[in-house]
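Undergrad: The primary structure of each chain is shown beneath.
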Amino acid sequence: MSEYSDNELIDKVIAGDTDAFADIITRYQNKIFRYVYTRVYDYDEACDMTQDIFLITMESLKTFRKESQFSTWLFSITVNYCKNHRRKNRYKVYSIHSAQDETEIQIPDIRQNQEELTITNESLQIMLEEIHKLPDDYRDILVLRDIEGESYTAIAQALNLTLANVKVRIHRGREMLKTRLQQRGLL
Amino acid sequence: MNHIPVHKLSEYIDGILDAQEKDTIASHIAECPECKQNFLQLQKMIAMLSSLKTLSMPATFATDTLARAKKNYYHKRYYRSLRGSVFAAAIVLIAIITMLPDSIKHEQFKNHITQNHNNTMLDCIIPTNMDLNTAMMVIQQHKARILDFSNSYIIVESDVNSFSSIQKIINNYESYRLNTLSNVGTTYMSQQEKMYPQLTHANKKKYIFRLQLR
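Residue numbers (this note's numbering), protein chains in the order written: chain V, 3 to 189; chain L, 1099 to 1312.
Just so you know, these hints were derived from the structure itself, not from any lab. A quick note: this is a predicted structure, and the numbers were derived from the prediction, not measured. Cβ atoms here follow ideal geometry from the backbone N, Cα and C, with glycine treated the same way. Do not take every clue at face value.
[Said to hold, decoys possible] Distance condition first, Cα-Cα at most 16 Å in a straight line; then the derived EDC-like pairs of lysine to aspartate or glutamate: (1) L:K1142 to V:D8; (2) L:K1142 to V:D25; (3) L:K1168 to V:E10; (4) V:K68 to V:D21; (5) L:K1168 to V:E150; (6) V:K14 to V:D54; (7) L:K1169 to V:E61; (8) L:K1169 to V:E177; (9) L:K1303 to L:E1255; (10) V:K169 to L:E1109; (11) L:K1151 to V:D19; (12) L:K1106 to V:D19; (13) V:K68 to V:D13; (14) L:K1168 to V:D19; (15) L:K1169 to V:E150; (16) L:K1168 to V:E177; (17) V:K85 to V:E61; (18) V:K169 to L:D1112; (19) L:K1174 to V:D25; (20) L:K1169 to V:E10.
[Claimed, not checked] The following residues of chain L were derived to be distant from chain V, with all beta-carbon distances above 12 Å: (21) T1163; (22) L1164; (23) H1240; (24) E1255.
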């Protein structure tokens, strides 16, 4: 990965070195993808949406005023894109089963034996399914906090919330997810 | 002993409590099996969530996306470069249309017919006692083309078959009317002499005639 900072890479892209954008993509692709994937729960669609988000970002780079971190700006583009996408596709029905069958997600190999790997994959699929079903407010915040490991302050900035609000949503989201996972027999 | 609420356990796991609260919760968890179970479940759930960080995209994603971005960029640049040529072509087209001979401009042609009282463009004038709506209906039934109309006339273009057919209908209508009105002694529009053209099918000729309404 490139040693340049985000802002340096952006300057290079604006100056005409479009290849520098590949470093920006590599740096953030998985983070954006995970956020999108937990929303749509469809691997192919999440890949397409992530690509669209980077294309939009590249076209809008000149409008980035560097008043906030690039990651925050990129995340706000992602959130808006996902909201618009859902509005446009509100009548589309996602098939959870087909999504599970077709998804080729890479799950960490923490097995001691083959049986343990099966349980892990199943558990994580249930986990993904339940995250997907959470209300947007709780899902977004759990993805940022517990999957991406962002700090409370960074989350507040990214989602334009107060710290107190972030705390409340994290706790409520966790409680809701915990209850649902207990009902699914995962905890 | 009061149990620790889940939100406190959540804050405890995130390490955002002060030292005193941390100690209180740690000692409570050690003694209370219910809170300990809650704590362990929450911890397990967060650990499972963090393991989803390994969800990733295909290795070629960055290069594919960049290729698509470049393609979009060059497409846009190409269309932007065409913008000037399209504008110039539009100007030339407008100029050509403006300079077209008057004879092929429909509006001017129409004006010529309606304003020229000598009616040199017309093949004939057919006076009739029909009202405007009836006459329009007859014309539409014969798929003739209305070039212009007012309350007192309709200028029609038609092929030879429609022309002769319209002519027959009008004649029948006038005869019927003449018979009916003469019985009650009412005056009616004087029958003008109708100068019908010699009909021909040659060259699919179109006839332009004026129905002079009552």
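Undergrad: All hints, please: hold or fail.
TA: Right, here's what the structure says about each hint:
For the hint linking K1142 (chain L) to D8 (chain V), the alpha-carbon distance of about 34 Å lies beyond 16 Å, and the restraint is violated. For the suggested pair K1142 (chain L) and D25 (chain V), the alpha carbons sit about 34 Å apart, so the restraint of at most 16 Å is broken. A distance of roughly 20 Å separates the Cα atoms of K1168 (chain L) and E10 (chain V); the hinted pair therefore is violated under the 16 Å criterion. Our distance criterion of 16 Å between C-alpha atoms is broken by K68 (chain V) and D21 (chain V), whose separation comes to about 21 Å.
About 30 Å separates the Cα atoms of K1168 (chain L) and E150 (chain V), which puts this hinted pair outside 16 Å; it is violated. Between the alpha carbons of K14 (chain V) and D54 (chain V) the distance comes to roughly 21 Å, so the proposed pair goes past 16 Å and is violated. For the hint pairing K1169 (chain L) with E61 (chain V), the CA-to-CA distance comes to about 12 Å; that is within 16 Å, so the pair holds. Taken as a hint, the K1169 (chain L) and E177 (chain V) pair is broken in the structure, with Cα atoms around 46 Å apart against an allowance of 16 Å.
For the proposed pair K1303 (chain L) and E1255 (chain L), the alpha carbon gap of about 10 Å is at most 16 Å, so the pair holds. Pair hint K169 (chain V) plus E1109 (chain L) holds up; C-alpha atoms about 8 Å apart against a cutoff of 16 Å. Distance check on the hinted pair: K1151 (chain L) and D19 (chain V) sit about 31 Å apart at the alpha-carbon level, beyond 16 Å; violated. For the suggested pair K1106 (chain L) and D19 (chain V), the alpha carbons sit about 50 Å apart, so the restraint of at most 16 Å is broken.
For the hint pairing K68 (chain V) with D13 (chain V), the CA-to-CA distance comes to about 11 Å; that is within 16 Å, so the pair holds. A threshold of 16 Å between alpha carbons decides the hint, and for K1168 (chain L) with D19 (chain V) the separation of about 11 Å falls inside it, so the pair holds. In summary, the hint linking K1169 (chain L) to E150 (chain V) is not supported, as the alpha carbons are separated by about 32 Å, beyond the 16 Å threshold. Distance check on the hinted pair: K1168 (chain L) and E177 (chain V) sit about 45 Å apart at the alpha-carbon level, beyond 16 Å; violated.
Restraint check for K85 (chain V) and E61 (chain V): not satisfied, since their Cα atoms lie roughly 19 Å apart, outside the 16 Å limit. Proposed proximity of K169 (chain V) and D1112 (chain L) is supported: the alpha carbons are some 10 Å apart, at most 16 Å. Under the criterion of a C-alpha separation no larger than 16 Å, the hint pairing K1174 (chain L) with D25 (chain V) is inconsistent with the structure, at around 23 Å. In summary, the hint linking K1169 (chain L) to E10 (chain V) is not supported, as the alpha carbons are separated by about 24 Å, beyond the 16 Å threshold.
With a least beta-carbon separation of about 5 Å from chain V, T1163 (chain L) fails to lie farther than 12 Å from that chain, contradicting its non-interface assignment. The beta carbon of L1164 (chain L) is not kept farther than 12 Å from every beta carbon of chain V, the shortest such distance being approximately 5 Å. Its beta-carbon lying about 49 Å from the closest one in chain V, H1240 (chain L) satisfies the requirement of being farther than 12 Å from that chain. Here E1255 (chain L) stays apart from chain V, with its beta-carbon at least about 50 Å from theirs, past the 12 Å limit.
Checked against the numbered hints given earlier, the structure breaks hints 1, 2, 3, 4, 5, 6, 8, 11, 12, 15, 16, 17, 19, 20, 21 and 22 and satisfies all the rest.
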